[in-house]
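Asks: Here is what each chain is made of, one letter per residue.
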Amino acid sequence: AQTVTQSQPEMSVQEAETVTLSCTYDTSENNYYLFWYKQPPSRQMILVIRQEAYKQQNATENRFSVNFQKAAKSFSLKISDSQLGDTAMYFCAFIPTGTASKLTFGTGTRLQVTL
Amino acid sequence: DTGVSQNPRHKITKRGQNVTFRCDPISEHNRLYWYRQTLGQGPEFLTYFQNEAQLEKSRLLSDRFSAERPKGSFSTLEIQRTEQGDSAMYLCASSRAAYNSPLHFGNGTRLTVT
Chain A
1 AQTVTQSQPE
11 MSVQEAETVT
21 LSCTYDTSEN
31 NYYLFWYKQP
41 PSRQMILVIR
51 QEAYKQQNAT
61 ENRFSVNFQK
71 AAKSFSLKIS
81 DSQLGDTAMY
91 FCAFIPTGTA
101 SKLTFGTGTR
111 LQVTL
Chain B
1 DTGVSQNPRH
11 KITKRGQNVT
21 FRCDPISEHN
31 RLYWYRQTLG
41 QGPEFLTYFQ
51 NEAQLEKSRL
61 LSDRFSAERP
71 KGSFSTLEIQ
81 RTEQGDSAMY
91 LCASSRAAYN
101 SPLHFGNGTR
111 LTVT
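Taken in order, these protein sequences are the chains called A and B. Going by the numbering used here, the first residue of the first sequence is number 1, and it counts up by one from there. Going by the numbering used here, the first residue of the second sequence is number 1, and it counts up by one from there.
For the record, the hints were derived by calculation from the structure and aren't laboratory data. Just so it is clear, the structure is predicted and the values come from calculations on it, not from any experiment. Virtual Cβ for every residue (Gly too), placed ideally from N, Cα, C. Each statement offered as a hint is correct.
Computed spacing ranges between beta-carbons, pair by pair:
1. A:Q69 - B:G3: 30 to 38 Å
2. B:R110 - A:T114: 25 to 33 Å
3. B:H10 - A:S12: 25 to 33 Å
4. B:S66 - A:P41: 27 to 35 Å
5. A:T97 - B:L60: 22 to 30 Å
6. A:E61 - B:N7: 25 to 33 Å
7. B:S58 - A:Q8: 24 to 32 Å
8. A:T97 - B:T38: 22 to 30 Å
9. A:D81 - B:R110: 32 to 40 Å
10. A:Q8 - B:R110: 20 to 28 Å
11. A:L47 - B:R110: 18 to 26 Å
Non-contacting residues of chain A with respect to chain B, defined by C-beta distances greater than 10 Å in every case (computed):
12. T27
13. N58
14. T60
15. A71
16. L84
The shape of chain B in the complex, shown without the other chains:
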């Protein structure tokens, strides 16, 4: 169990650019979640996958955001035409399929949009 891995750890980009983040979950976990955390706030749910299927998306996930998990393993989160309001920590978590299984979080990717 190597834990949930996220890359990159930090990303600085100019407004209007596209960015992509990667998450590698714990290998035996078939659920994968993306959360966003802004300063002084708790994580806010963005979307989650069970295997390769994206089962729920938050209203926070505008059409500039897209997430994929093509083979049910790693996932990518892309933000197009970034805005300063997108600056946040993007957290990935994974869990087993049971509804009470705890989430295991990665270290997050901190995005700064200038």
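If we strip away everything but chain A, and leave its shape as in the complex, we get:
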């Protein structure tokens, strides 16, 4: 079974600053995908970024980037130049490759961006 742990229930960052959200996971699988999803207040969950475990290069999407450390089973999300619209719950999620099945989510980190 896979587990995903997000050890930071809440974080706060000032607008234009950089923040890093932590995620660790436990699996015996060698090939898998990792995702960060964002859930704004009262709005639907959307995909922020994804990483394929066999790729050593860290994924980047505009202001969002990840630090993927496969040996440490760590997958942190860095948000640069934080904006008020980044305020949301952020969920880390995992799925083994070759399975047409479920994502396993962490418990989430509530990020508040302040002026």
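Using the hints, position chain B against chain A.
Replies: This is chain B only, laid out in the frame that chain A set:
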């Protein structure tokens, strides 16, 4: 692409009543998922369909829960004899068939059982 649509947005029901939720996935997506999210937790997998076939069910899905996707398009999730512990946000998501395709989520149906 109109996104994943879920109805109703909110449902309040008394314990013991039956409720049914509907999900309309993105039209070209042949996979459809149901998740449950309780306060302060991440979404937990309930079940998923590929086209009309229900391929996996979580142990969380007791025999009071049933999901259908009769024509491989929209899906319904029914909860019979609701209990207060069923109070949660029920999320629907859809995706293409490739295993690394991202899930697209709906806004969810918030169920409150009184």
